[in-house]
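For this one, chain H is given, so just place chains S, C and V with the ligands on it according to the hints.
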Amino acid sequence: MNAANANGLQSSVPGEADLIALYRTMLLIRRFEERCNALFLQGRIPSTLHLYIGQEAVATGVCSALRADDWVVGTHRPHGHALAKGVSPRVIMAELMAKVTGCCRGKGGSMHVGDVRKGVFPAVAIVGAGLPIAAGAALSARMRGTDQVAVAFHGEGAANEGDWHEALNMAAIWKLPVLFVCENNLYGASTHFSKAFAIPRVSDRACAYGMPGETVDGNDVVAVHDAALRAVERARSGAGPTLLECLTYRQCGHSRSDACDYRPDEEEALWKERDPLKVAAARIRALVPPVPFDPSGIEADVAAEIDDAIAFAEESPAPAPEDLERHVYWEGD
Amino acid sequence: MNAANANGLQSSVPGEADLIALYRTMLLIRRFEERCNALFLQGRIPSTLHLYIGQEAVATGVCSALRADDWVVGTHRPHGHALAKGVSPRVIMAELMAKVTGCCRGKGGSMHVGDVRKGVFPAVAIVGAGLPIAAGAALSARMRGTDQVAVAFHGEGAANEGDWHEALNMAAIWKLPVLFVCENNLYGASTHFSKAFAIPRVSDRACAYGMPGETVDGNDVVAVHDAALRAVERARSGAGPTLLECLTYRQCGHSRSDACDYRPDEEEALWKERDPLKVAAARIRALVPPVPFDPSGIEADVAAEIDDAIAFAEESPAPAPEDLERHVYWEGD
Amino acid sequence: MATMGIAEALREGIREEMRRDPTVFCIGEDIGVKGGWGGAFTVTLGLVDEFGPERILDTPISESGFCGIAIGAAMTGMRPIADVQYGDFLFCMMDQLANQAAKMTYMAGGAVKVPLVMRAPVGSTRRGAQHAQTLEVFFTHIPGLKVVAPSTAYDAKGLLKAAVRDDNPVLMFEHKLLYGSKGNRAEKGAVSPIGEVPDEDYVVPIGKGAIRRKGRDVTIVGKLLTVYRALAAADRLAEDGIEAEVIDPRSLIPLDKEMILESVRKTHRFVVVEEDNRTHGWGAEIAAMVAEEAFWWLDGPPVRVSAPDTPPPFAPNLEELYVPSVERVVDAVRRLVG
Amino acid sequence: MATMGIAEALREGIREEMRRDPTVFCIGEDIGVKGGWGGAFTVTLGLVDEFGPERILDTPISESGFCGIAIGAAMTGMRPIADVQYGDFLFCMMDQLANQAAKMTYMAGGAVKVPLVMRAPVGSTRRGAQHAQTLEVFFTHIPGLKVVAPSTAYDAKGLLKAAVRDDNPVLMFEHKLLYGSKGNRAEKGAVSPIGEVPDEDYVVPIGKGAIRRKGRDVTIVGKLLTVYRALAAADRLAEDGIEAEVIDPRSLIPLDKEMILESVRKTHRFVVVEEDNRTHGWGAEIAAMVAEEAFWWLDGPPVRVSAPDTPPPFAPNLEELYVPSVERVVDAVRRLVG
Ligand SMILES: Cc1ncc(C[n+]2csc(CCOP(=O)(O)OP(=O)(O)O)c2C)c(N)n1
Ligand SMILES: Cc1ncc(C[n+]2csc(CCOP(=O)(O)OP(=O)(O)O)c2C)c(N)n1
Ligand SMILES: [Mg+2]
Ligand SMILES: [Mg+2]
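Protein chains in written order, with this note's numbering: chain H, 1 to 333; chain S, 1 to 333; chain C, 1 to 338; chain V, 1 to 338.
It is possible that part of the hints are untrue.
Claimed, not checked - Derived SDA-like pairs (lysine to any residue); straight-line CA-CA distance at most 20 Å:
id, chain 1, residue 1, chain 2, residue 2
1, V, K34, S, A259
2, V, K182, S, T48
3, V, K266, V, G215
4, H, K278, H, V288
5, C, K257, C, R213
6, S, K195, V, E54
7, V, K34, S, Y262
8, H, K175, S, R201
9, C, K257, S, R201
10, S, K195, V, D49
Claimed, not checked - Computed footprint of chain H on chain S; a stretch qualifies when at least three of its residues, placed anywhere within it, have a C-beta under 8 Å from a C-beta of chain H:
id, region
11, 165-173
12, 192-202
13, 208-217
Stated by the list, open to error - Quick partial rundown of chain V residues pointing at chain C, CB under 7 Å, derived from the structure:
id, residue
14, A291
15, F295
16, P302
17, T310
Please keep in mind that the hints were generated in silico from the structure rather than gathered at the bench.
None of the values given here were measured: they were computed from a predicted structure.
By construction, the Cβ of each residue, glycine as well, lies at the ideal position given by its N, Cα and C atoms.
Okay, chain H solo, but in the shape it has when bound (with noise of 0.2 Å):
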C-alpha cells in the first residue's frame, strides 16, 4: 500500500515516486495523530498521549531505509515510529482506545505501541531504556547470523540518561549493527537543550566511543533517509553503529496537558515555517523535471486509512475480565 512502509527504498536519490511514497507516511503520521488528539479531547481516548506531530521526517526517513525484518525500538513518543515501520493504523487505534485488538490486547497503551511482526519492539517508556535493548537485538542478529539492523529511536533527553551511555559504548567495541536515531526536538518535557547539555550537538558524544556520529535536518525527510542509509549499509556490512542526530521539533506539547509556556512563540513559528510536510512537498516540486505536485490526493487516501483504523477501533470490544491475569508470563505464540 505504501512504499515508505514497505521499507523498500533503498537509493539516495529519491525519484518522484520514492518522494511521494515518503510524504505518504508523514502525512499519515501528521493526520493520525491529530485525529488522536481529537479523540483524546472528546475522552475516548484514555489516559495521556506523546503526539509527534513535527517529527515525522525523522521515523519516515529513517524506516525508508530499513529492510521490513529489520528492527525498531520506539519511545513514550512512538505512534511515528510504528507508523513508519509499517504497523497497521488499525491496530495502534485499537490499543490507544484500550481495545484488545489493539497491537498490545489494551494492555499497554500509547506508550508501548509496537508489533513484533513489523519488526516493532513494544515501545520503551522509560527514557534511556530502549537503548541497550536495541543494541541486544543487534547481538542477537550477529549471533543467529542474520544481517538485520536494529534501530533505537530516542529523544535527545535520553542522551543523559546511563543506559545510553552504556548501550554506545557496548555498541562501539562490539562493532554491533545498530542505529541509535537521536530525536533531538530542542526540548526534554519542559527543559531545553542548552540547560541539560555544554555542547552543541548530541552527535559530538560519538566521539566518546569511536563511532560515528552525524547530525542532519531532521525535518528534511531526504536529509534523514540519505544519512540513515549510510549509516544502515555501515551496520549491514560489519563495520558498526552510528550515532545519528536529527533536528526536529515537537510542535505539540510534550503530552495531553502541556500548554508549552515554557517556548518562545517565535521559536515555534520558525519551526512550523520548516514543516517537514513543507519541506517534503518543496522537495517533490523541485524535482527535475518538475512535478505538479497536489497531495489531495494522498490526503483523502490516509484519510480514508485512518477513518478505517477508528472505526475498527470503535468496534473492537475491550479486553475481557480474564485478561487482566494473562500475559504475565509467555502462553505461546
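Positioned in the frame of chain H, the structure of chains S, C and V with the ligands alone reads:
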C-alpha cells in the same frame, strides 16, 4: 607530620622538601599495603583486599593539590586515597581488622574506609556510584558558599557505568568544582582496557561534556600533582570540572585471590620498571643542584608509623554485639 | 487555617522549609522551568520565582545521577528534596537509594548522615506498566531508609516537614489520584482529599499512625488511596452493623505497630488493603506481623486485599479490576466477620 | 553420576545447554577472560575454551546496559544467561529487570517473550554492606519474573537447565557459601554441599519444592544457606524428641505453596528462616500466606527467624550475629513447641 598529607603543597614546581613529602606519602601507602597483604595471608585481616600498590602516585599527586577541607570519594580500592588525604593509618588498619576503633567502627571494612573529618567519604564499592556523590559534594560547596573542591577517584572500568556519564554531564552543565580522576590501570578486574573501550584514551570522553580532559603519566607523582593543581584551581575559581586520566598499573592482583594469569609477564615487568617510587626517587635525584637521596630514614619512619597502626588495631576491641543494630540511622555527632 | 489539596500542601511545606533553612533545596526534572509544570504533578509550581533556579534545580534526565548528587550534597551540609516524575523511575536510581543513601551511615559506623528527602508519585492512572506501579515495599525493605505515605493534605505537609528535618534519607510516596492538582494537570478519577492545613508551623512525626475511623469489629489497614477505599467500605459495612476500625499508618518505616496491634486486640479481625501486587507486597509484612504478634487475639486469618500479581494494565476496565475496589474490601470483611 | 559442588554443577549445566542449543550464550563481566576467573565464583571457568568469546561474552562494567542487551537478544531469538558478580549489583540494573524484562510480555499483550536467565550470588561473606546482601525478595515481588534459589548441586544444574528452557525471565540466586568453588576462589566458612549429579540430561521443574527432612512437629522453611541451618537445627531438636520437617522451596516464584501448606496442616507449627532482613523480607510473604491459608490448622503463631533490619555488617563477630544461626532456629522452635 607529613607535608603531602597535610594538603599544603600548592606549588607546581615542587622543591626538595615537597618531593620528599610526596615520596614519604607514597612509601607509606606502599608499605601499608604490603603489610596489609601479609596480615591478610596470616588471617589477621578478614574478607578481601584490593591493594593500591603501583598506583600510589595518583592519590598522592592529587591529594597534595587539595586543601584539608576538600572532599575525596574513594573506590573499592580506597586505602591509598584515604592515606594520601591524611586519614590516620591507625583507624584504617583498625577498620581492616574489624575493630571498633576503625574509621567505620569495624562495620564498613576495607571497601568503605573513609574519615569525614579528613574530608574522605566512606568509600563507595559500587563501581561508578561515587562519581555523582562527589559531584553532589561539589554542588553543596557552591551552594553553601565555600570554595571547597571534590574529587572522585575511579578506575577506568568505572567510565563505562551509567553513573559516570550522568555525573560528568551534570558537573559540566553546572560547572561544579569537581575533579574526576580516572586511574587507568589498564584492567577492570580481569578485563583489559582495549576490550572495554573503542577509544585510546578515557580523557577523550571529556569532549562529550564540554569539559577539559587530560591524560598524564600516573606513575609520576609530579605530573599528577601539576595536572591536579591546574584542575583544582580551575574548579575553585568556578570554571568547572576536569576529567583527569592518570595512566598507571595495578602491580598486584585485583583482589586477594587473583593470580593475574590474564596479564602478560612482560607487561607486569615493564610497569614495575616504571614503579612510581622509583620515578619519584629519580625526580629527587635529578633536582638541580643534585640532592643525595637516601630513603632509609623515611623507610624507618614509615615502618614505625605502620607498626604503631598495627599495634593500635591489634589492641583494639571488636565491636560489641549491640553495635550490630546501631547506626542504621544517624545517632548524632 | 487554609483549605487545600495534597499538591498544594506539599508546596507550602517545601516553601516554609526553604524559607526556614537555607540548606534546603529541591532537585529533579522539570521542577523549576519557567512556564513549566512544577514537576509532573505541580508540587513545585512557582517555587522557582521565590527561590531561583539554584535552589529549585532542574536536572537533565539522569535519575541515578541526580540522586547521587543529592546524596553527596546531603552528606556535606545540605538538605535536598529530590523527586522523580513517576515512582516507577525509582528503579533507575535503585543503586543510589539502596546501596548508597540507605547504607552510608551504617557502613561509616555512624560517622555521616544523609538528610535526603526523595518524593515519588505512585498509583494506577491509566498510564500502563511503566507509569503506574505502587512500589513502596521495595523501599520499606531497605534498612536505613524511612518511608512515609501521606493520604491527607494535613499529613502531607506535616510529614514533608518532618522528613526535611530528619537526619536520614526519607522516601515520601504520594498518590497521583490524591494530589488534587488543579487545571490541566488534574487527574481523571481523582479523590482530591481537600483538607484543612494550619498556617502555623507543625510536623507530623514520622512513625505515628492515624485511626481514620473507630470501630470494634474489624481492623482495616490501608495506605494512600486504599485508605479511602477502606473508609468507603467501612461506611457500607456500617449499614449492616459491622463497625470497622480504619488505620492509616502514614509512616511505613518506622511503622506504628502498636496502633495496629492494639486495634487487632480489640477487634480480633484484620484486613490489609493495598494497591500493590499481592505476593511479597507491603501487606505481607503487616499480615505476618499481626499473625506473629497478635496470634492469640485473632478470631480468623489475617486477610489481604490487593492487586493481582500482574503489571498495571493500561485498559481502564482492567485497571478497575486491578486496584482493590470498595466492593472487594466489603466482601473480604464480610467473609471474615460472617 | 558425578560428585560435584554447585559452581561445577552450574558450569556443567551451562555447558550442556550451550551444546544443545546454539542460541544459548553467556554474558557478563569477567566471565570469559583467558587466565581469568570464570566470573566472580568460577561458574563459567573454562567455558570460553569450548565456546569462544562470542558465546562467553565479556562486557564492560555496565550492568544496566548488558542486562538490556540480554533482554533485546532474548526478544529476538537468543537465550542469554547473564550474571552479576554480586547480587548487590542487581540494583544497578533494576530498571531493566523490573520495568523491561518483567513487563515486556504483559505490556505487549503476550506478543513477545523474554527467555532470559539472570544469575546472582547472595549471602554474607565478610565483604560488608555493598557485597553481602540477600535480596531475593526484591525480585519475588515483580510479576513477570520467575525466581529460583538452588541449595544443592543437583538442583542447581536442574534448575539452571529449566531456566534456560523457560520462555520467561528467570532469576537464579546462588549463595556464595554454597558454591564449593575450589582453589584460591574458595570462600571461608563455606558449607560446600557436594552432591551427586546425574550425567544424563534432567531438569528440576520450576515451581516444585523439596522436603529435605520429614517431621511431624514443626515445619521449617529455609532457602539457600538457611536450609542447612534449618537441617542442623532439626538434628539438634531431634535429640529432644522434636521432629522438624524442613522444606526447601527451591523455586521462590512460582512457589510450591501446597507443599508448605500440606506440611503445616500436619505439623501445626511453622517457622521460616532467612538470611535477609526481617521487615518486609521474603519470610513475610511465607508467614502471611501460611497465616491466611492455614490459619485454622496452626497451633501457634507463624514465626520468622531472620537477619535484623540492618545492612550486612563487615566485622565477622557482627556478621555471625546477623545471619540466623542454628541456635536461633532451635530456640525459635523450642519456644513455639514448648
Ligand atoms: C527514566 C525516565 N525519566 C523520566 C521520564 C519522564 N519523561 C517522559 S518523556 C520525558 C522527556 C523525554 O525527552 P526526550 O528524550 O528529549 O524525548 P521527547 O519527549 O523530546 O521526544 C520525560 C522526562 C521517563 N519516562 N523515564
Ligand atoms: C557496579 C559494580 N559492578 C561490578 C563490581 C565488581 N568489581 C569490583 S572492582 C571491579 C573492577 C573495577 O575496575 P576499575 O574501575 O578499572 O578499577 P580498578 O579495580 O582497576 O581499580 C569490578 C568489576 C562492582 N564492585 N560494582
Ligand atoms: Mg526531546
Ligand atoms: Mg582499572
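Here is what the structure says about each hint:
In summary, the hint linking K34 of chain V to A259 of chain S is supported, as the alpha carbons are separated by about 12 Å, within the 20 Å threshold. About 16 Å separates the Cα atoms of K182 of chain V and T48 of chain S, which keeps this hinted pair within 20 Å; it holds. Only pairs whose Cα atoms come within 20 Å are accepted, and K266 of chain V paired with G215 of chain V is accepted, the gap being roughly 9 Å. Between K278 of chain H and V288 of chain H, the direct Cα distance comes to roughly 18 Å. Compliance with the 20 Å bound is thereby established for this hinted pair.
About 17 Å separates the Cα atoms of K257 of chain C and R213 of chain C, which keeps this hinted pair within 20 Å; it holds. Of the supplied pair hints, the one linking K195 of chain S and E54 of chain V holds, its CA atoms being roughly 13 Å apart against a limit of 20 Å. Between K34 of chain V and Y262 of chain S, the direct Cα distance comes to roughly 6 Å. Compliance with the 20 Å bound is thereby established for this hinted pair. The straight-line distance between the Cα atoms of K175 of chain H and R201 of chain S is roughly 18 Å, inside the 20 Å bound, and the hint therefore holds.
Taking the CA atoms of K257 of chain C and R201 of chain S, the gap is about 56 Å. The hint is violated against a cut of 20 Å. Taking the CA atoms of K195 of chain S and D49 of chain V, the gap is about 18 Å. The hint holds against a cut of 20 Å. Here the region 165-173 of chain S counts 5 residues with a CB under 8 Å from a CB of chain H, which clears the bar of 3, and the coverage holds. Taking a C-beta to C-beta cut-off of 8 Å, the region 192-202 of chain S contributes 5 residues in contact with chain H, enough for the three needed, and the coverage statement holds.
As drawn, the region 208-217 of chain S meets chain H at 4 residues by the rule of a beta-carbon pair under 8 Å; at three or more, the given contact holds. Annotation: A291 of chain V was flagged as interfacial toward chain C, and the flag holds, the nearest CB pair being 4 Å apart, inside 7 Å. Nearest Cβ of chain C to the Cβ of F295 of chain V: about 4 Å, under the 7 Å cut. The hint holds. About 5 Å separates the beta-carbon of P302 of chain V from the nearest beta-carbon of chain C, less than 7 Å, and the hint is met.
For the restraint placing T310 of chain V at the interface with chain C, the shortest Cβ-Cβ distance is roughly 5 Å, inside the 7 Å limit, so the hint holds.
When each numbered hint is compared with the structure, a violation occurs for hint 9 only.
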